[in-house]
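In order, the protein sequences belong to chains A and B. With the numbering used here as the guide, the letters of the first sequence map in order to residues 1 to 109. With the numbering used here as the guide, the letters of the second sequence map in order to residues 1001 to 1114.
One or more hints might be untrue.
Output of the computed footprint for chain A on chain B, the stretches with three or more beta carbons under 8 Å from beta carbons of chain A [said to hold, decoys possible]: (1) 1015-1023; (2) 1064-1072.
Calculated lysine-lysine pairs in the DSBU-like style (CA-CA distance at most 35 Å, straight line) [to be verified]: (3) Lys1071(B) / Lys51(A); (4) Lys70(A) / Lys1014(B); (5) Lys104(A) / Lys1014(B); (6) Lys108(A) / Lys1070(B); (7) Lys1071(B) / Lys108(A); (8) Lys1057(B) / Lys1070(B); (9) Lys57(A) / Lys1014(B); (10) Lys59(A) / Lys1057(B); (11) Lys59(A) / Lys104(A).
Listing some non-contacts, in silico: residues in chain B with all C-beta distances to chain A over 12 Å [to be verified]: (12) Ile1051; (13) Lys1083; (14) Pro1085.
These are computed hints drawn from the structure, not numbers from a lab. Predicted model only: the values in this text are computed from it and were never measured. Backbone N, C-alpha and C fix where the C-beta goes; we use that ideal spot for every residue, glycine too.
Here are the chains, one letter per residue:
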Amino acid sequence: GQQVMQIPQYQHVQEGEDFTTYCNSSTTLSNIQWYKQRPGGHPVFLIQLVKSGEVKKQKRLTFQFGEAKKNSSLHITATQTTDVGTYFCAGNDFNKFYFGSGTKLNVKP
Amino acid sequence: DGGITQSPKYLFRKEGQNVTLSCEQNLNHDAMYWYRQDPGQGLRLIYYSQIVNDFQKGDIAEGYSVSREKKESFPLTVTSAQKNPTAFYLCASSRTGGSNQPQHFGDGTRLSIL
C-alpha cells in the first residue's frame, strides 16, 4: 500500500546551523503538504507543492517537490529556537493523505 | 475567531467503557477528519467525512465509530473494542474534501486508560 517515509526521525542542531528533512513516497503523488507541530500543540499547515520540480520559499524555509513527484524536502537555513517542533509531510495520491512519521527538530541556543 | 474546538483536552477511560470525543468547527468546512497520533509516529487516519451524513473509514477504523449529523460536528466514539486506545487524537477540517485543500487541526484530546 501507499507509504510516505520521512527521514530523519530526529535532528539536533546548534542555533544557526541548517536543517533538512526528506519525504519519499512509494507512488507518484498529486501534491504534498508540509505541516509543523510545536511541542504540545497541533499540526499547522505550512505549504502545498503541486507541480513537478516545484520550489517554494517562506523566509528561511525552502520546500522542494521532486521531478517524479515522489519525494520532497524541507530545508531551513540558519535555524532559530523558534523552529523547534516536528515537521510532517503529507502526501496525497489523488484520494487520501498519507502523513509521514515526522522529523523532530531540536535547536540548541 | 473561526477554528476547531476539541473537548475534552484530557480523557480517561476505564476498561470496557465507550467514550466520545467532541469536535466542532465554525469554519463552514465540508470535510472533517479524525487522526490518531502515537508517540514518535505520524498521524494515522481513523475516519473522514466529506459531507454531512456521509463518512468513510480510514486506515485504522476498527474499534472506532463516528457520526456526521451536522456540518459543524464530527464526534468520535472510542469503543471497548479498541484494545489500545491510549493516544493523542486530532480532529481536522478542510474547506472541501478535495486533495488540494490544507487541513486545519484542533488542539487534540489525550486519551488514557485507567
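Next on the checklist: I'd like to know which numbered hints this structure contradicts. Please list them from smallest to largest.
Outcome noted: Going through the list in order, the structure violates hints 1, 2, 4, 6, 7, 9, 10 and respects the others.
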